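Undergrad: Listed in order, the protein sequences are those of chains A and B.
The opening residue of the first sequence carries number 74 in the numbering used here; numbering runs sequentially from there.
The opening residue of the second sequence carries number 279 in the numbering used here; numbering runs sequentially from there.
Keep in mind that the hints were calculated from the coordinates and are not lab data.
These numbers come from a predicted model, not from an experiment.
We treat Cβ as the ideally placed atom computed from N, Cα and C, and that holds for glycine.
Warning: the hint list may mix true and false statements.
As the list claims (entries may be wrong) - Computed footprint of chain B on chain A, listed as stretches where at least three residues anywhere in the stretch have a Cβ under 8 Å from a Cβ of chain B:
hint, region
1, 85 to 92
2, 141 to 153
3, 187 to 199
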Amino acid sequence: MTTPAPAHVSEAHRKTRQRSILLVTICTIIGALAQIFIKAGASRLPETHTTLQAVLAMAVNPRLLLGYSLYGINTVLLALALRDGELSMLYPIIALTYVWVAGLSVLVFHEIMNPLRTVGVITIVLGVAVLGRGSK
Amino acid sequence: MTPVSSMVLVAIGSFIGSFGAVFLKAGAVRIERNVAALIVNWRLMAGITLFCLSSVFFVLGLKHGELSVLYPIVSLGYIWTLLWSRLFFGEEFTKAKIAGLALILIGVLFVGMGADRGRSAVSRAGAANTAMLHR
Numbered sequence: 074m075t076t077p078a079p080a081h082v083s084e085a086h087r088k089t090r091q092r093s094i095l096l097v098t099i100c101t102i103i104g105a106l107a108q109i110f111i112k113a114g115a116s117r118l119p120e121t122h123t124t125l126q127a128v129l130a131m132a133v134n135p136r137l138l139l140g141y142s143l144y145g146i147n148t149v150l151l152a153l154a155l156r157d158g159e160l161s162m163l164y165p166i167i168a169l170t171y172v173w174v175a176g177l178s179v180l181v182f183h184e185i186m187n188p189l190r191t192v193g194v195i196t197i198v199l200g201v202a203v204l205g206r207g208s209k
Numbered sequence: 279m280t281p282v283s284s285m286v287l288v289a290i291g292s293f294i295g296s297f298g299a300v301f302l303k304a305g306a307v308r309i310e311r312n313v314a315a316l317i318v319n320w321r322l323m324a325g326i327t328l329f330c331l332s333s334v335f336f337v338l339g340l341k342h343g344e345l346s347v348l349y350p351i352v353s354l355g356y357i358w359t360l361l362w363s364r365l366f367f368g369e370e371f372t373k374a375k376i377a378g379l380a381l382i383l384i385g386v387l388f389v390g391m392g393a394d395r396g397r398s399a400v401s402r403a404g405a406a407n408t409a410m411l412h413r
């Protein structure tokens with residue numbers, strides 16, 4: 074009697090793929106938050122006259138520092154996702170960042186969500202769904 | 279009008295960034311549970327360096343011009359990456375990947391058009407940063 078090994082293997086494979094997709098998705102949320110913090114930090118930077126002053130002002134700006142730290146975490150998660158998944162399937166999922174940024178811009182900066190942006194966001198989500206469901 | 283210089287800068291950024299992804303992937307499959315090994319993982323470091331370098335081009339390129347033009351150029355990086363994935367890692371082109379990517383590119387174009395319409399400050403600041411790790 075032989076066990077149906079292929080089914081078992083493909084189940085494990087499917088789980089790993091789902092984990093990679095989830096990791097990249099989390100990565101995009103963190104990336105979007107990073108952008109919001111960098112935007113908020115950058116808009117609070119004082120006027121400076123020399124490069125040194127500008128660099129110092131950035132180095133003590135908590136929002137900027139938090140934003141860039143989130144980018145660091147983002148990279149680690151992306152590397153972990155890529156370790157087990159296909160680059161060609163995972164990389165385009167990063168476009169979800171546009172979706173979260175659009176949402177957060179409305180929430181945090183009270184930007185208006187116009188119809189074009191809404192159509193774009195929905196299309197990106199559809200594209201990611203097609204990628205995620207269809208790939209082996 | 280979008281300056282040609284902006285388009286060229288963003289295109290270069292997307293190209294460099296796609297190699298960042300390749301090196302990050304090449305380094306990631308060699309990750310070990312050991313900090314010293316991580317630091318000497320030159321592929322991982324090369325990937326991060328290329329991402330940072332691409333972000334310089336994105337920041338400069340996205341300062342001026344229409345995002346409806348520039349965002350899709352940022353997204354060219356996904357197409358380069360699809361090609362490199364096949365070339366360097368032997369990943370297959372599948373219908374799902376091509377259809378999914380096509381939808382994403384169309385979506386990014388619309389988001390860019392919407393951002394131009396709304397004069398979104400976050401979109402512009404964010405575009406450069408979005409591009410930074412992905413682009």
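Undergrad: Please go over all the hints and tell whether each is borne out by the structure.
TA: Now the hints, each set against the structure:
Taking a C-beta to C-beta cut-off of 8 Å, the region 85 to 92 of chain A contributes 0 residues in contact with chain B, too few for the three needed, and the coverage statement is violated. Judged by the Cβ-Cβ criterion of 8 Å, the region 141 to 153 of chain A is covered by chain B as claimed, because 6 of its residues qualify and three suffice. With a threshold of 8 Å between beta carbons, the proposed coverage of the region 187 to 199 of chain A by chain B holds, since 13 of its residues qualify and at least three are required.
The structure is inconsistent with hint 1 alone, although it conforms to all the rest.
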